[in-house]
Amino acid sequence: MIEVCRGSSRDPGRSSSGTVATGYRIGDYAIDAPEGVRYEGSPFVLITHAHCDHICGLTQYNSGYGCSEFAAVAITKPLEEATLCTHLGFEPPRRPPEKILHEGDMLEGDGFSIEVIETPGHSKGSLCFYVPDLKTAFTGDTVFGGQALPSCTLPTSEPGKLVDSYEKLASYEIEKICPGHGGPFSSKHYVESLIPMVADFI
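For the sequence shown, the residue numbers in our numbering are -12 to 189.
Rather than coming from a laboratory, the hints here were simulated on the basis of the structure. There could be a bad hint or two in this list.
Said to hold, decoys possible - If you anchor each label on the Cβ, the simulated ranges turn out as follows:
1. Lys175 x Glu85: 31 to 37 Å
2. Ile(-11) x Ser180: 21 to 27 Å
3. Lys155 x Leu121: 14 to 20 Å
4. Arg82 x Glu102: 22 to 28 Å
5. Glu160 x Gln47: 32 to 38 Å
6. Asp97 x Thr140: 36 to 42 Å
7. Arg82 x Gly133: 32 to 38 Å
8. Tyr48 x Pro171: 21 to 27 Å
9. Glu78 x Gly133: 29 to 35 Å
10. Gly170 x Glu102: 21 to 27 Å
11. Gly98 x Thr140: 37 to 43 Å
12. Glu179 x Gly96: 26 to 32 Å
13. Pro119 x Glu(-10): 16 to 22 Å
14. Gly133 x Val60: 30 to 36 Å
To be verified - With a cut-off of at most 27 Å between alpha-carbon atoms, the simulated DSSO-like pairs for lysine-lysine come out as follows:
15. Lys111 x Lys86
16. Lys122 x Lys148
17. Lys148 x Lys163
18. Lys175 x Lys155
Keep in mind that this is a model prediction, so the values were computed, not measured. Idealized CB from N, CA, C, for every residue including glycine.
I would like the entire structure built from these sequences, with the hints used as guidance.
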């Protein structure tokens, strides 16, 4: 039901993360739009955050997309994130989202639903997407595998909010995590294990 879609080697996030960004397809929805990802058809794209390695692919097709209010401004205005995309040789989409996503919004798919969870920390306006029927969370750069913590040193980072975001995610019944870099992995208590690490980090 979940299709994993790797970004291209030109992915602007590769140098900082070590791995290209990962997009996902679930029914009529896609999670993020990394450079080089070609989603078949016209899925509605859910953007986890406005960093250029997760949004540059939006220019490759005309699908609608949804994101947080902060991400909408960062994508469509000449703010730092959009300027960085241009500097790296990628054109940010500039067009506004079809939908602004908020905490608790429920998006309906064919036989499943997706809940929007606000998870600032790595970036202001970061979102995670939870599919209750699959007990799966799409976490963008909020949660990585391998006990790795996201970078919270960027100008739009909010490190003081990352613990709260992890505590919120830990309250969900999550059995599979689909991060924004790397591939899906299974772990029932993974997010809980990160909380003390983050508390020490900040």
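Checked hints:
1. Lys175 x Glu85: 31 to 37 Å: This hint holds: roughly 35 Å between Cβ atoms.
2. Ile(-11) x Ser180: 21 to 27 Å: Check passed, 23 Å falls within 21 to 27 Å.
3. Lys155 x Leu121: 14 to 20 Å: Once the Cβ atoms are compared, 19 Å apart, the range 14 to 20 Å for Leu121 and Lys155 holds.
4. Arg82 x Glu102: 22 to 28 Å: Given about 26 Å between the Cβ atoms, the range holds.
5. Glu160 x Gln47: 32 to 38 Å: For Glu160 and Gln47 the Cβ distance comes to about 35 Å; the hint holds.
6. Asp97 x Thr140: 36 to 42 Å: At roughly 40 Å between Cβ atoms, Thr140 and Asp97 fall inside 36 to 42 Å, so the hint holds.
7. Arg82 x Gly133: 32 to 38 Å: holds (35 Å)
8. Tyr48 x Pro171: 21 to 27 Å: holds (23 Å)
9. Glu78 x Gly133: 29 to 35 Å: holds (32 Å)
10. Gly170 x Glu102: 21 to 27 Å: For Gly170 and Glu102 the Cβ distance comes to about 22 Å; the hint holds.
11. Gly98 x Thr140: 37 to 43 Å: holds (41 Å)
12. Glu179 x Gly96: 26 to 32 Å: For Gly96 against Glu179, whose Cβ atoms are near 28 Å apart, the range 26 to 32 Å holds.
13. Pro119 x Glu(-10): 16 to 22 Å: Since the Cβ atoms of Pro119 and Glu(-10) sit about 19 Å apart, the hinted range of 16 to 22 Å holds.
14. Gly133 x Val60: 30 to 36 Å: This hint holds: roughly 32 Å between Cβ atoms.
15. Lys111 x Lys86: holds (18 Å)
16. Lys122 x Lys148: At roughly 24 Å apart (the allowed maximum being 27 Å), Lys148 and Lys122 satisfy the hint.
17. Lys148 x Lys163: holds (23 Å)
18. Lys175 x Lys155: With a Cα-Cα distance of about 14 Å, the restraint between Lys175 and Lys155 holds, given a limit of 27 Å.
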